[in-house]
Amino acid sequence: MRRSNVTTIMKKEFARFFGDKRMLITLFLPGILIFVLYTIMGSAMTDMLSPDPDIPPTVYVVDIPHSLEKDSLWSWCEIMNAVDQSMIKQQISDKQADLLIVFPADFDEAVARYDVTTKLDAPNIELYYNPLEISSSNAYAITVSILDSYEATLANKFDLNRDIDGNLATPEELSASIISMLMPMLIITFLFSGTAGIGTESIAGEKERGTLGTLLVSPLKRSELALGKILSLAILSFLIGLVSSVSTILSLPRLIGATDAISVDIYTVKEYILLALVILSTLLLLVSLVTLVSAFAKSVKEASTAIMPLMIVVMVIGVSGMFGSASSGSWFYLIPIYNSVESMSALFALDYSSLNVVLAVISNVIYCFIASFILAKMFNNEKVIFSG
Amino acid sequence: MNHSLISVEGISKTFKLSKKQQKLTKVDSKYLKAVDNLSFNAYEGEIFGLLGPNGAGKTTALRILSTLIKPDSGDALVDGYSIITQPEEVRSKIGFLTGELKLEDFFTPNYLFDFFSSVHNISSSVREQRKEILFSRFGIDGFREVKVANLSSGMKQKTSLAVSLVHDPNIIIFDEPTNGLDVLTAKVVTDFLLELKESGKTIIISTHIFSLVERICDRVGILIDGQMEVCDRLERLTGKLSLEDLFFLLYQERKGENI
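Just so you know, the protein sequences line up as chains E and W, in that order. Take any residue in the first sequence, count from 1 to its spot, add 902: that is its number in this note's numbering. Take any residue in the second sequence, count from 1 to its spot, add 287: that is its number in this note's numbering.
Rather than coming from a laboratory, the hints here were simulated on the basis of the structure. Glycine included, each C-beta is placed from N, C-alpha and C at the ideal position. Warning: the hint list may mix true and false statements.
Label pairs and their computed distance ranges (CB to CB) [what the hints assert, rightly or not]:
1. W:Q309 x E:F916: 39 to 47 Å
2. E:K1172 x W:S411: 52 to 60 Å
3. W:K542 x E:V1267: 52 to 60 Å
4. W:S423 x E:K923: 43 to 51 Å
5. E:K1203 x W:I371: 53 to 61 Å
6. E:I1214 x W:K317: 49 to 57 Å
7. W:K317 x E:L1257: 48 to 56 Å
8. E:A1178 x W:P340: 41 to 49 Å
9. E:V1267 x W:E415: 33 to 41 Å
Okay, the calculated bits of chain E under chain W, using three or more residues with CB under 8 Å as the criterion [unchecked claim]:
10. 975-988
11. 1109-1122
Here are some of the chain E residues that sit facing chain W, going by a computed Cβ distance under 7 Å [as the list claims (entries may be wrong)]:
12. E915
13. K1200
14. S1256
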C-alpha cells in the first residue's frame, strides 16, 4: 500500500467537501445552530424566571406588625403603606403594583394569644398578587417564605442544617455528573449524523453517479481507496462533531440556566486526551459502518434509508449512557459503540479506569481495520460496483 | 506481425439473473453466460474492434480486461501482466473509457487531470506537459476551470478522454466510443483514436456500429451471445461482403432464424 495514494484520495475528499459551500453549510450549520438556539433558549428561560433586578417589586402593606417591621426583611422590594385596598387590588390586576399584604390589626397579640388546642381560627394574613406578572409572583413567593420562616421561629422544635452546608458533592462533581449524563449521548448523535451525511455522499453518491468506477480503473489498490475514504471521512466528521460538541458544552450552562454551577474547567489534560482518543476511534468505527452500508446501497437515498436502523441502535446505546453503566467489567469495553458511550460517560464523570478506556480505543481501531478490509473486498466485487 | 499486447485466453463470465431480469430477457435459466470461453489477441499498434449486438458480452469482456470484474475462468495478459494476479499493474498500463464511468460533477477538468495524474504517480512537470498537449488537442483550455456539472456532454467526453490518458498508456480500451455523442464530438473521438494508433498505441474498442469498425479497425472480432464467431483482419473477413452482410449472415447461422 502506498501512503501517497491514500493521501491523494484524502485530498480529493477534502477538496470535494470543503470546496462545496452548500455542503459545508449543511454540515456545520447544525453545530452553530445548537449554540445559538441553546443560548437563546437558556437566557430566555432565565430572564423569564428572574425579575428585573433594577426595578424592585412594589409591595403594599396594611397594619404591618412590629415583629415583621425590620427593614432587612423587605430590602428586596419597595414597601409602602396601603391607603385604599380596593384601588391597590385593581393596580395589581392591571400589573401596576405587585403585592398587597393585609395583616390583622392586632397581629402580634393575636399570634401570642393563639393556641392550637382551641378551636378558634388562627390569625389570617391576606396576600393579593397577580401570577401573570413575574415580579408579582416572585414577590408573592418571597413573602410567603418570609412569613413561613417567621411562623417556624414561633414554634421552633428543631433546626435543619443550622450554619452548615449539607451538600457534600463538590461543585466539580456536580458539573461532572450533569455533563456525563448529557454529553455522551449528544456527542455520539452528532458524530453519527455528521458521518451519515458525508459517508453516504462519498460512497453511495459516487456509485450512483458512476464516479467510483472511474477511480476503480485507476491503478489504485482497493485497500488504498478504502482507507483513504475512511480516514478522510473520519477527519471531516470529527470536525463536524467537534463544532457540535463544543457548541453544546459552551451553551450547556446557559441552557440549564446555571452559568456558575457548571464548568468544564474541571477536566485535566489527561481526560481531554483520552476523550479525544475515544471520540476519534469511535469516529473511525462509525465511518467504517456507514461506508459499509453505503457501499451496499445503489443510491444516496437508499443508503440513507439503510442507515436508519443503525442510527436508531446508536442512539439507543447513547441514551443508555444517561442511566449509569450496566457493568464495569472490562469485557464490556470491547462492545462497539457501547464502549464509546461508557468511556465518554466515565471520563466526563471523572470516574474512569484508564485500562477500560484504552481497551475501547484499541478495539475500535481494530474494528475499523476489519471494516476497511471488508470495504476493500467490496470494491473488488462487481455486484457492489455495478449494482446500479 | 507485431507482438501481441493483449492476449485473452478462454475467459468466461456468468451472471446470476434476478427474477425481474429473467422476465425482461425472457430466459428460463437463472444464469446468463455473458462471456463464453472467449479468446483473442490484440497486437501492438492496431485498433481491434469487438463488434456485436447489445447483450453480446462486449462490455463484460472489456470490464474483465480492465480488471473491474473478474472472470469465472480463463485469464488475460495485458502487456504481460495477468488481469487475475496483477490487476494494479494492468490498470497502470491501460486507459479505460466508457460512458458509464463518469467524472465527478463537482471538480474542474484541470483538477481532475491533476488528481488522476497523482493517482498514476506522474511527476508534476510531465503532468503539465501532457496537460498542455491534451487540453489544446481537445479544446479543453476554454473550460478547464469550469465544473464538470456545467459542461455539455461533448465537453465531458473530451475531458474523460484527456483524463484517461494522463499516464500516456500504451493500451487504450474504449467501450462504445461514440455512443451518445453528437456527430462533431464523435468525429473528434474517432480522429483521435486514429491519431493514437499512428503514434503506436494499441486500442481495443467495442461497438455495434459497422461503419465505425470499417473506418478505424484493423482487426475485428464478432461477438454473439458471449462467443467469438470470427476474428481476423477486416479485409480477410469480409471479402466481397460488407461487414454488415457478414454480421447478419453469421447471426442467422447462429440463431437459425431470420431476423
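Evaluation of the provided hints:
1. W:Q309 x E:F916: 39 to 47 Å: For W:Q309 and E:F916 the Cβ distance comes to about 44 Å; the hint holds.
2. E:K1172 x W:S411: 52 to 60 Å: The hinted range 52 to 60 Å is violated for E:K1172 and W:S411, with Cβ atoms some 44 Å apart.
3. W:K542 x E:V1267: 52 to 60 Å: Holds: the Cβ-Cβ distance is about 58 Å, inside 52 to 60 Å.
4. W:S423 x E:K923: 43 to 51 Å: The hinted range 43 to 51 Å is violated for W:S423 and E:K923, with Cβ atoms some 32 Å apart.
5. E:K1203 x W:I371: 53 to 61 Å: Given about 36 Å between the Cβ atoms, the range is violated.
6. E:I1214 x W:K317: 49 to 57 Å: violated, 36 Å
7. W:K317 x E:L1257: 48 to 56 Å: Since the Cβ atoms of W:K317 and E:L1257 sit about 54 Å apart, the hinted range of 48 to 56 Å holds.
8. E:A1178 x W:P340: 41 to 49 Å: The hinted range 41 to 49 Å is violated for E:A1178 and W:P340, with Cβ atoms some 60 Å apart.
9. E:V1267 x W:E415: 33 to 41 Å: holds, 40 Å
10. 975-988: Since 0 is below three, the answer is violated.
11. 1109-1122: It holds, with 11 qualifying residues against the three required.
12. E915: violated, 11 Å
13. K1200: violated, 13 Å
14. S1256: The hint is violated - E:S1256 has no Cβ within 7 Å of chain W, the shortest such distance being about 41 Å.
Consistency with the previously given hints fails for numbers 2, 4, 5, 6, 8, 10, 12, 13, 14, ordered from lowest to highest.
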